[in-house]
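Peer 1: These are the residues of each chain, in order.
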Amino acid sequence: MAKQIFEWDYSSYPGAKKYPHLFTPIQIGNLIVPNRIKYAATEDNLNQHDGFVTDADVEYMRRRAEGVVGGLCFMQGVYMDEARKGQGYVGQAACWDDKFIPGLKKLADAIHSQKAVAGFQLMDCGRVGAVEVPVGHGPSAVPQRLRIFKPMAEMTNAEVKEMVKQHVDAAKRGIEAGFDVMEISGIVGYLISNFISSYTNRRTDEYGGDIRGRMQAVVEIIQGVKEAVGPDVPVGIRLCSEELLDDVGGNTPEESMQSYQISEEAGVDYISCTLGWQESIYPVISRDIPQGNWLYLAKRAKEHVKIPIQMAYRIFLPTFPEEAIAKGELDIWEMCRSMIADPLMPKKVLEGREDEIRHCVACNLCLARLFRDAPMTCYINPVCAHEHDPDFFPKEVAEDDKKEVMIVGAGPAGLECAYVAAQRGHEVHVYDKRDILGGTLNEASKAPYGDEELMTCTNFQKTMCEKFGVEFHLGTEVTDALIEDEAPDTVVLATGPVYSALQGAEEDGKKVVNVLDVLSGKAEVGEKVVVWGNRKPGIGVALKLAKEGKKVTLVGKDKSAGFDINPSFKWRYMIYLRQNGVTAYNDCTIAEVGDGEIVVKTKNGYRFPVQCDTIILTERETNEALKATVQSEGIELYVVGDALVPRNLSSAVHDGYRIGLRI
Amino acid sequence: MPVNAEKEITKLWKTLQGAQGEICNTYYRWRDFAVEMAGENADPMEIGLKAAEAFGLYIGKGLLPRLNLLKGDEAFLGMVAKQLAGAWANEGAAVRVEPGEKPTEAMIRCDRDPWPTAAKTFGVPMEEVAQAREKMFQAMLVDVSLFFNRKLSIEMLKAIPRGEGEWVFKLSLDQ
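Protein sequence lines correspond, in order, to chains L and W. Add 4 to the 1-based position in the first sequence for my numbering, that's all there is to it. Add 3 to the 1-based position in the second sequence for my numbering, that's all there is to it.
Derived from the structure by calculation, the hints contain no laboratory data. Nothing here was measured: the structure is a model prediction, and the numbers come from that model. Built from N, CA and C at the ideal position, the CB exists for glycine as well. Treat each hint with caution, since some may be false.
The calculated lysine-lysine pairs, modelled on DSSO-like cross-linking and capped at a C-alpha distance of 30 Å, are [what the hints assert, rightly or not]: (1) W:K154 / L:K563; (2) L:K22 / L:K515; (3) L:K154 / W:K154.
Just the calculated beta-carbon pair ranges, DEER-fashion [claimed, not checked]: (4) L:S564 / W:Y61: 21 to 31 Å; (5) W:N7 / L:S564: 37 to 47 Å; (6) W:K74 / L:K22: 44 to 54 Å; (7) W:V145 / L:D512: 39 to 49 Å; (8) W:E43 / L:T606: 45 to 55 Å; (9) L:K471 / W:Y61: 56 to 66 Å; (10) W:R69 / L:E327: 40 to 50 Å; (11) L:I152 / W:N7: 39 to 49 Å.
Chain W extracted, bound-state conformation (with noise of 0.2 Å):
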């Protein structure tokens, strides 16, 4: 048959990291025109911040579908990693869930994201970027936590943007 599938699948790669590039391009594009919208008194930190909680919430209602308590608390915490993380490959990032220190946690580790660099090329604080990162994900954890009637909360211990490497989040389970 002639279907040549290097060729294929490399025009597909390219598509899809182009369309990853775009999505960090276009957040920060429209964070220039808030911060511009905003006027000179306006703290650009706040403005990318509480955008950050509003692409949150709205992601987080969009995993109520895919969550379930139906194989318990351990599985629906593993669940919800996978959700986060999930979130966060769709944007190009290379994301993984390991288990944590105990069976109320998860964690998420990063080592490979788009969102520094692009943040660099928009002249964004690489602080903004690694506090709207927590942000998003604690208000992603919003609508989970209350629809569910469960305590979800995440912690930030190493972010790529400050230095260190690579990002760390523990996602918990709060008895």
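So that you can see chain L by itself, here it is in the shape it has in the complex (with noise of 0.2 Å):
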């Protein structure tokens, strides 16, 4: 008899009418789920680098969990030997001992508090893993490919027989601590799925050989838990369903649904459909990848097995699987970093307020940040795994304390802090000398490969100004007689960078333009351009130009193209370089501008010419206007974003907030 642990009613709500198939129940093995949402396991590296859960992780996933409204809610995958082999990330929470069992509860309980299903996922990150200890383990000892990894020795058949072991052992542990489904990894390259790759597994035991025999191990260990944590308790299991590893001889499409087939088999009650690996050279989440452009494999893992099929993977927004659903090609939708950047955004949704989702960026810093152990962070969402600390939320002010705040800038960093300003408490006025909200994301958006998405960020912040009542002032250029004649209690400078001059080049519009009018459309470029800086704004400018047939050379100071750009997503741009053609000369200067060509400098001084009908300036200096004027009228000052010191979208959100919350 399937059960259901918490109540839901959702039929009050706008989102359930909007998106029925959502917020239907579904059926997963024993177990009714009020609704098609997940939180899908996510490291956060919060926790003690012993595995011991901490108070962040905690309140992390409590507030993940609210977001599901009832839904399912998974906390991180847990690795399960005392050796440590398993452990791919510094802050991992474990699961090879009992003592760990309080900390693990406290997790279920969280999710508990917010009536949302607890899952619990089992995760050696074999190839991966290792992270603290000198060999990892795997099926069969393949070298690794990326330095950053350790390296491989391949596990006895008493090893595998006692990891099999260790799922069994950790699974008990994690229904004891509370949790109601259970989930095994099998994707990106950790150790379920080297023992289903034809790439990583070259063992001749029963462990190995064709896809059954590499299928074994996993069997087992579905059975094993199966049989540990009894029939009320549905096991699910994450398989790529295409290894996106073809260029080292790694499984065929046919093969991974062929694994999952033999999951169903095994008595799974569910799968999770993910693609491709950590080392796979195709990108698959990042922001040139359109949304919902790998729905069709989830479509045919529902053609492969009849257990529900959930997939995450580049659905952002709610319209793509709730057609999907509804057609009958999904039954559940996950969701890992769209939950980062915003942990409330599915009860957003079902509550009808989808415009004040802060949607996420793909651009995988919060991968890049795990895999250099960092803590968890985001890049558009200053709150993540904060959530634990109360100073990082609005605090009304006390009526006496109330402001007038001039911001200057409608900018990402002057929106952001204008909001949560306003949402204190204040009285907040936002000028900019344009009429539009955004300031140059409104250009950098027209970059390609994506860049689009970089204005869900202005949409969430109108929303919010809107919402706690500030004041626009756009089309009106702040001077110091405005200030001085509004007298603010407090102006926060936004005013964004100003673009650096090129010595031997002034700008005229024509041979010398600015970035902002190019990627605009206001300036006309010729055939041959040379783009002056190699950080994310040239690299922009530069693609979009090569996409339209230029020649373009990109010229700049630092030592690589991108410094500004986190590794998980640089390398995809560095591709993109390559493929249009682009020339980058990094760690050079611009020594003499001529007559159709320019001369570049290296930094070990030699110099040679570049033709060039075309310069685009594109290298950004602190922006000191208006400063002088305020701290002379002995108005309180905050300066923000590439004001401050040019950066990043990032960077400008995060100095917002914390100023929003400083005022």
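Since each chain comes alone in its own frame, lean on the hints to assemble the complex.
Peer 2: Printed below as a string of structure tokens:
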């Protein structure tokens, strides 16, 4: 008899009417889940390095549990071996002993406190594990392609059997801690996927050979865990629908579908459909991949098995899963990054507050941080991983402390600061000399490969500003006189950067132009273009022009192009620069500007000419405008975003948020 | 424009040659030191070959991200041959890759190599230079073979330090 842990009635919510399939119950094994929403297990590096759960992780999870409005909420995967070969992240929770159960129980309780279904995940990181020990373990000792991962040792037959037992024992501990659903992680290069793949499993014993042999350990784990947790607890598995490892001899898509069928035969109650490994050479989840791109894989999985199929992977908008579920091509909408960016995302969908969602911009900073042993953070969500810290949430100011705040600049830093300050009770006025919101994001979002999604930040901030009563004064340039006339209590300068001049090349709108004018289409450029500056603004405009057929040369002072782009996304840009024929001269300056060409000078002093008919200026510097006036008037002053130090969207948002809390 | 191309290229060329020469010199300076530290009873040739093996293993690991099986085994063999030749060329050798007698073979030929000259300066036996090159190539293939699950082997057919006028290696993909 199927049971439901918490009762939910969505009938009065607008989101349930708009997305009826998302808010329809589903039976998984013998458990009824009230809706089709799941926060998928995601590492956050917030736990102690010895595997004990911290309050930071508990509060991180509590917030996500609130977001799933009764759906499935999974804690991060736990490693299960005392030797720590299966530990892939320094802050990964452990479950190799009963001593971890009290901490795990706190997580289950936090999830239950929000009336959500608590999911527990078993995750030996295998090939990407051994983060704290010198050698990892796997089915075979296949060398690592990337030096950041530890060398591999082949597991003996007895060690494989012990690993199976570790999964079963950890599952029992998860149940004792109070979790409702058990999940086995077999994705992206973790141990289970290493056993399944022909690339990493070259064993000749019963755990190797054809796909059935390579699935043998998985089958034993599924059967052992099923028996351990009993009939009331659903057991699921996350499996690659395509490994994207054809360059190194990985599984075919047919073999991957066989792995689904074998798992179903072994008794799993659902499959989470994933794709790609961390070693794959193809992009899967970065912004350059269109949203909904991979849903065909869920559909294919549904054609191969009868159990429910769940999927994440570039499904940020509810319209995609709603439609897929309606068509019978998906059963449950999984989220990781979209709920890192906004933990209450599905709750806002349910409540008809979609315009209040802070959308993930698929930059993968969160992943880059995890791989570098740093705690989780989010490019776009300043509160992420600070959920346990009350100082990171807006507090209403006392009536006597309310201020009149003038924010100069309606870009991401200014708007973020504006709504947070207004939320706290200040009277906030945002000025911008242009008559649009978003500042330079308006231009930045014109760059190719998905950058239009950056504008979701402005849309969110606009909604929040309106919600909290921020007054906009668009088309109004703030002058010294205006500041003196208005005499606000506080001025926040969010004016954006100043674009650096290039010696010998005065900006004339013809031969020497500004990056913003090019991206917005105001400036025309010739056929041979030199872009001065090799950070993201330069790369964005270079790619836009190269795709239009221009011959583009990027010249910049940084040692490598894209210094300001996080490593988990930067590799995509490097490939795009190459594919689009952009020549990059890094660690270089423009020594001279002549007629029809420039002279590039390397850091060693070598000089060579580059033909060009247009130079685009993208180098930026601190903006000092208005500072002196504000200070001389004795007004409280803050400078945020690129006006303070030219950086990126993330810094603008984080600056704005923190100053919004501080005023 | 006031750029003297000939002057700039000459400067760059000299710097490159200097850097390539330093690769050999640095290697042999370290070899001298290692031999001295190892004591009188140590066999210098054994030390040299051990070093060549260690270098090869390290360089071979670096080849993994640059290789793939997307275009089949023969193309893969060609890629490996080019990588070996490229690594040698970076050290200052004039190297080329030619097809072998079979599709599963590639020849790596070199008719100019700074290593024997540098070795002579440091008093290193020519036979060690020959064997070290072969050992290094063999070591470079260890991880490549294991990672891609393909059996690669390399055989030295001729060696400049043996007075044979050129280096010739046969790279084979064993079936």
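Peer 1: With reference to the structure, classify each hint as holding or not holding.
Peer 2: These are the hints, each one checked on the structure:
In summary, the hint linking W:K154 to L:K563 is not supported, as the alpha carbons are separated by about 38 Å, beyond the 30 Å threshold. For the hint pairing L:K22 with L:K515, the CA-to-CA distance comes to about 52 Å; that exceeds 30 Å, so the pair is violated. As the CA atoms of L:K154 and W:K154 are separated by approximately 23 Å, the hinted pair is consistent with the 30 Å bound. Between L:S564 and W:Y61, the C-beta spacing of about 22 Å keeps the proposed range 21 to 31 Å intact.
Taken as a hint, the range 37 to 47 Å is violated for the pair W:N7 and L:S564, whose Cβ atoms sit roughly 29 Å apart. Roughly 49 Å separates the CB atoms of W:K74 and L:K22, a value that falls within the hinted 44 to 54 Å. Distance hint check: the CB atoms of W:V145 and L:D512 are about 59 Å apart, inconsistent with the given range 39 to 49 Å. The given range of 45 to 55 Å is respected by W:E43 and L:T606, whose C-beta atoms sit roughly 48 Å from each other.
Roughly 58 Å separates the CB atoms of L:K471 and W:Y61, a value that falls within the hinted 56 to 66 Å. Our hint of 40 to 50 Å for W:R69 and L:E327 holds, since their Cβ atoms are close to 41 Å apart. Distance hint check: the CB atoms of L:I152 and W:N7 are about 44 Å apart, consistent with the given range 39 to 49 Å.
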